[in-house]
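Undergrad: Sequence:
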Amino acid sequence: MTIILAILVAFGSFFLIPPRVYANICTSDCIPLMDMTGSQKYQNETGGLYGNYQNNPPAAHAQKLSEARSQITSRDGSGNPSSSGKIVLLTMGMSNTRRKSDAFIGQAANDNGVSSKVVIVNGARGSVVAEKWANGENWDYVTLQLTNSGVTSAQVQAIWMLHANFAPQDGSNCTDCLAEGGEYVSTLAEHQRIIIDEIGNRFPNAKIIFFSNRTYGGYATKDLNDEPYAYESAIAARRVILDQINGTNAKVYYSNGPVLAWGPYLWADDGHANSEGLSWFSSDFETTDGTHPIENVAGKGAEKAAAHMLKFFKTNIYAASWFTGSASPPSVTVAGKPGDANGDGKADGLDYVIWLNNYNKTVTNGSVSGDFDGNGKVDGLDYVIWLSNY
851 MTIILAILVA FGSFFLIPPR VYANICTSDC IPLMDMTGSQ KYQNETGGLY GNYQNNPPAA
911 HAQKLSEARS QITSRDGSGN PSSSGKIVLL TMGMSNTRRK SDAFIGQAAN DNGVSSKVVI
971 VNGARGSVVA EKWANGENWD YVTLQLTNSG VTSAQVQAIW MLHANFAPQD GSNCTDCLAE
1031 GGEYVSTLAE HQRIIIDEIG NRFPNAKIIF FSNRTYGGYA TKDLNDEPYA YESAIAARRV
1091 ILDQINGTNA KVYYSNGPVL AWGPYLWADD GHANSEGLSW FSSDFETTDG THPIENVAGK
1151 GAEKAAAHML KFFKTNIYAA SWFTGSASPP SVTVAGKPGD ANGDGKADGL DYVIWLNNYN
1211 KTVTNGSVSG DFDGNGKVDG LDYVIWLSNY
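Here the working numbering is used: the first residue of the sequence shown is 851, the next is one more, and so on.
Hint data in this document are derived by calculation from the structure and do not stem from the laboratory. Worth double-checking, as some hints may not be accurate.
[Unchecked claim] Calculated pairs, PhoX-like style, for lysine-lysine (alpha carbon to alpha carbon, straight line, at most 20 Å):
1) Lys967 x Lys982
2) Lys1101 x Lys982
3) Lys1161 x Lys1211
4) Lys1196 x Lys967
5) Lys1161 x Lys967
6) Lys914 x Lys1101
[What the hints assert, rightly or not] Simulated restraints on C-beta separations:
7) Thr1212 x Thr1037: 21 to 27 Å
8) Ser965 x Asp1198: 42 to 48 Å
9) Ser934 x Glu987: 32 to 38 Å
10) Ser1176 x Asp926: 19 to 25 Å
11) Thr993 x Ser1238: 46 to 52 Å
12) Val1147 x Thr896: 20 to 26 Å
13) Ser1238 x Asn1051: 26 to 32 Å
14) Asp1198 x Asp990: 19 to 25 Å
15) Thr1138 x Ser932: 44 to 50 Å
16) Asp926 x Asp1198: 52 to 58 Å
No residue lacks a Cβ here, since even glycine has one placed at the ideal position from N, Cα and C.
With the hints as extra help, turn the sequences into a complete structure.
TA: Right, here's the structure in full:
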C-alpha cells in the first residue's frame, strides 16, 4: 500500500489530468482569414486581415503606413540618415520564429534582389513565448544580437513579429476556444500590446511592425501550440492591429511608436493551399513534436516559410522599396466599399464588368482591377465579395 501511495503522489497529475487530445484538427470553419468571404465566419469573427473581409488597410491607416515607409532609410549607428548606414529588420518571437528567421536570413543573403543596406537580425529565442517577452525576459538578448550583427537599436526601423504562447498545459482540450471565452486570444493580444509599447521605448526609429501568425498546428504531438490555438494566433494579431486603427488601446496609439501592418500570413489547413499557394504537410515539421518546422531542408518547413517571407518583403507595398532598394514602391488601391472597383461608392454592374475583364489575371492595384480581397489575383473569391455587396 505504501508503494502504491508513493506512486500516486509522484505521478498524481498523470492519473488525475485527462490525457490531452493533441492537435485538435480545425473543422470546416477554420478558413485562412484572408480567404474568407462575406458569408463565412470563425465563431462570430469575420474574415479579412483587417476585419470585415478586407485584406487591405483602410485609407487612413494606409496613409500612416505610407508615411512610415517613406521614413525608412539607411542610418548610422546614432540613427542619423546616412548613405553608408544600414536598415535593420529585427525579428521577434519564440523558437518557431527563430527557425524561420534563420532560414529567412540565409535566403536573403543569397538573393541579389535584397538591398545591401538591409541587415536582418534574429531576435527570436527558443521557449521565449509572448508572455515572457511581455515580462521583459528577452530584451537583453535582443541587444546582444544587434551588437553581434554590428548594428544598434537606433538603426532598427522595421520589425517582423510572430508571437505565440504555450497552449494550456492542464490537459484541457479546446474545441471551441473563442466561444469558451477566448482567454488564449485575449491574453496573447494583450502580451503583444505590451511588447509593442516597449518597442516604442527601445527603438526610436522603428517605423513599421509586420505581424505574422502561426503555421498549421494540426500535426502536433505535444501540447505546445496545437489547433485551434495556432489558427487563432491570427485573430490575436488582428485585434492588436485594429486597436491601433480604431484608437481603442493606448499601448498601440500611433503616437506611441511604429505603425502596425500584416506581414506574411502563414496558416493553411492540413495540406490544403491557401490563396497565396502556401500549404503545410506533416513532412514540414519535426517528428519529435509535429510543431517546430524542420530546418535546412530545401522547400520544407522553415525554408518554405522563409521563401514566402522573402517574396512578401520584396513585393509588399510597405516593404519593397527599402527592402530591395528600388526607386519606388508598388502601388495598390486601399480598401473602400467592398466590391467597388471604380470608386463610385457602389458595388454595381460597372464593377462586375471590371472584375470580368480582369478575371484570372494577376494584378498589383487591388480593387481597381477587381481584386477585392487584395491577394494579387482576380478570381472567384473576388466575385463573391462583389456579389455579397451588390
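Undergrad: Is the hinted pair Lys1101 and Lys982 satisfied, with a Cα-Cα distance of at most 20 Å?
TA: 18 Å, holds
Undergrad: The hint says 52 to 58 Å between Asp926 and Asp1198; measuring C-beta to C-beta, is that right?
TA: Between Asp926 and Asp1198, where Cβ atoms are some 54 Å apart, the hint holds.
Undergrad: Ser965 and Asp1198, beta-carbon distance inside 42 to 48 Å?
TA: 43 Å, holds
Undergrad: Could you see if the CB distance from Asp1198 to Asp990 stays within 19 to 25 Å?
TA: 58 Å, violated
Undergrad: If you draw a straight line from the CA of Lys1161 to the CA of Lys1211, is it 20 Å or shorter?
TA: 19 Å, holds
Undergrad: Would the pair Lys967 and Lys982 pass a check requiring their Cα atoms to be no farther apart than 20 Å?
TA: 31 Å, violated
Undergrad: Quickly compare the C-alpha distance for Lys1196 and Lys967 to 20 Å and report which way the hint goes.
TA: 44 Å, violated
Undergrad: Should the hint that Val1147 and Thr896 are 20 to 26 Å apart at their CB atoms be regarded as holding?
TA: 37 Å, violated
Undergrad: Would you say the C-beta atoms of Ser934 and Glu987 sit inside 32 to 38 Å of each other?
TA: 35 Å, holds
Undergrad: For Lys1161 and Lys967, compute the direct alpha-carbon distance and say whether it is at most 20 Å.
TA: 18 Å, holds
Undergrad: Quick check: does the Cβ-Cβ distance between Ser1238 and Asn1051 fall within 26 to 32 Å?
TA: 43 Å, violated
Undergrad: Determine whether the Cβ-Cβ distance between Ser1176 and Asp926 falls within the hinted range of 19 to 25 Å.
TA: 22 Å, holds
Violated hints, listed in ascending order, are 1, 4, 7, 12, 13, 14; each of the other numbered hints is respected by the structure.
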